[in-house]
Amino acid sequence: MTRFKTAAPETLRIVPLDALTLIYHRASGITHIVDSPVPEILAALAPEPLAASDLMARLSERFDLVDADPLALAARLDELVATGLVERLCAI
Amino acid sequence: MRHLTRLRIGPVGFRVGSDWRGPIAALDDLYRDYPQPEGGIPDFNVHLFAARPWRRVLRPSVQIGGDFVIPDAAPLPLAQGLLAAEMGMNLQMALGQRRYLLLHASAVERDGKALLMTGMSGAGKSTLAALLMARGWRLMGDEFALLDPATGLLHGFPRLISLKNEAIAVLERALPGGRFGPMLEGTPKGTIRHLVPDARAIAAMTEPAVPRLILFPNYGFAAAERAVPPSETFVRLTQASTNYVALAERGFDALTRLVRTVPAQALDYPDTATALAQVERLWEAA
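Heads up: the sequence lines are chains A and B, in that order.
Under the numbering used here, think of the first position of the first sequence as 1, with each following residue one higher.
Under the numbering used here, think of the first position of the second sequence as 1, with each following residue one higher.
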């Protein structure tokens with residue numbers, strides 16, 4: 001099963017400001033300005049790799065998700081993989 | 001280059017060479033009280049040259065070159081040679097500055113604290129900075145402010161103040177004893193007249209200041225003020241910086257530190273008298 005993991009912590013500088021959070025990605029040199037739920041996803045995927053369904057369950061536990069939509073979460077994960085902030089780990 | 005001058009503005013030394021005497025004579029006159037580059041060694045070179053040999057004499061037009069260049073930059077007529085020299089120095093800063101995070105902003109200082117003003121062309125950052133200078137603030141610069149990533153301090157760059165169109169008469173009235181450059185008509189930005197920063201601005205030009213307030217002025221609207229959150233300030237200032245990307249993590253650190261510690265306000269104003277009152281009030285409240 002495909003699992004996801006946040007990029008290595010030493011490659012990220014995460015600075016929460018107000019409603020938005022700044023992320024400096026050392027590997028690419030790009031600054032990202034992100035809104036919820038991106039910081040929450042990165043925090044959830046930092047300790048260990050998770051499958052998308054497990055991530056959804058983990059986020060639902062921690063936050064009151066009113067519109068828990070697996071398709072929306074999959075889209076966010078694809079975007080984060082494209083930026084390099086999250087890695088996709090494929091099962092062999 | 002046939003004609004040559006050297007000068008230092010804030011911490012940055014320039015060497016300006018020209019095919020014509022005019023632009024160098026104008027710089028030597030208007031920058032006469034400025035120091036030389038530190039140790040005599042400039043940080044940047046600016047070249048003002050004729051793109052074709054006959055353009056030196058026949059409808060002479062000034063091509064701007066130097067260590068850093070923009071390809072296909074349009075030349076200026078020799079009558080605007082001073083403007084070409086100023087643009088050449090600005091270009092080196094915008095493209096080549098690596099030591100400081102460069103913010104396209106004006107800055108003034110009072111009691112060791114700096115007020116930073118940034119906005120689109122025409123927002124009034126030069127005009128307000130010059131008027132605040134006329135009211136006793138120390139002018140740090142009307143175009144670029146330099147944020148030191150190592151210290152978080154703001155360094156000035158008090159080049160000649162570039163006044164455009166209506167702002168020229170406003171400052172001629174506010175500073176009847178001020179030293180002004182020639183009236184440059186028909187430039188790409190309309191009529192331009194340079195104002196020499198006052199003696200205090202020049203004498204203290206290497207003294208940094210602690211940033212205290214960031215303003216985003218906007219001319220032509222009813223007076224209004226709005227607190228700008230740090231994330232919006234961050235986005236606006238990255239847009240106002242030409243070297244944010246080049247500075248990489250140093251730039252990120254410098255800017256996040258600035259927006260987390262310094263309050264920011266958007267300031268709409270209908271006229272300069274109103275704006276000055278708004279600035280003084282916001283400064284006291286900051």
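Incorrect hints may have been included.
Derived coverage of chain A by chain B (criterion: at least 3 residues anywhere in the stretch with Cβ under 8 angstroms from a Cβ of chain B; other residues may be distant) [what the hints assert, rightly or not]:
1. 4-17
2. 41-50
Among chain B residues calculated to face chain A with C-beta under 10 angstroms, some are [unchecked claim]:
3. F49
4. W54
5. F234
6. V235
7. A248
8. E249
9. T256
10. R260
11. P263
12. L282
Every beta carbon over 10 angstroms from chain A, so not counted as near; a handful from chain B, in silico [to be verified]:
13. T206
14. R212
15. P229
16. P230
17. P270
For the record, the hints were derived by calculation from the structure and aren't laboratory data.
For every residue, glycine included, the Cβ atom is placed at its ideal position computed from N, Cα and C.
Consistency of the hints with the structure:
1. 4-17: With 3 residues in contact (Cβ-Cβ under 8 angstroms with chain B), the coverage given for the segment 4-17 of chain A holds.
2. 41-50: Coverage by chain B is violated for the segment 41-50 of chain A (0 residues, Cβ < 8 angstroms).
3. F49: violated, 35 angstroms
4. W54: With Cβ-Cβ at 46 angstroms, over 10 angstroms, it is violated.
5. F234: Interface hint status for F234/B: holds (6 angstroms vs cutoff 10 angstroms).
6. V235: holds, 6 angstroms
7. A248: Holds. Min distance 5 angstroms.
8. E249: holds, 6 angstroms
9. T256: holds, 5 angstroms
10. R260: holds, 7 angstroms
11. P263: violated, 12 angstroms
12. L282: This hint is violated: L282/B lies away from chain A, its Cβ roughly 20 angstroms from the closest one there, beyond 10 angstroms.
13. T206: holds, 30 angstroms
14. R212: holds, 19 angstroms
15. P229: violated, 5 angstroms
16. P230: Per Cβ check, P230/B is inside 10 angstroms of chain A; nearest 4 angstroms; violated.
17. P270: holds, 30 angstroms
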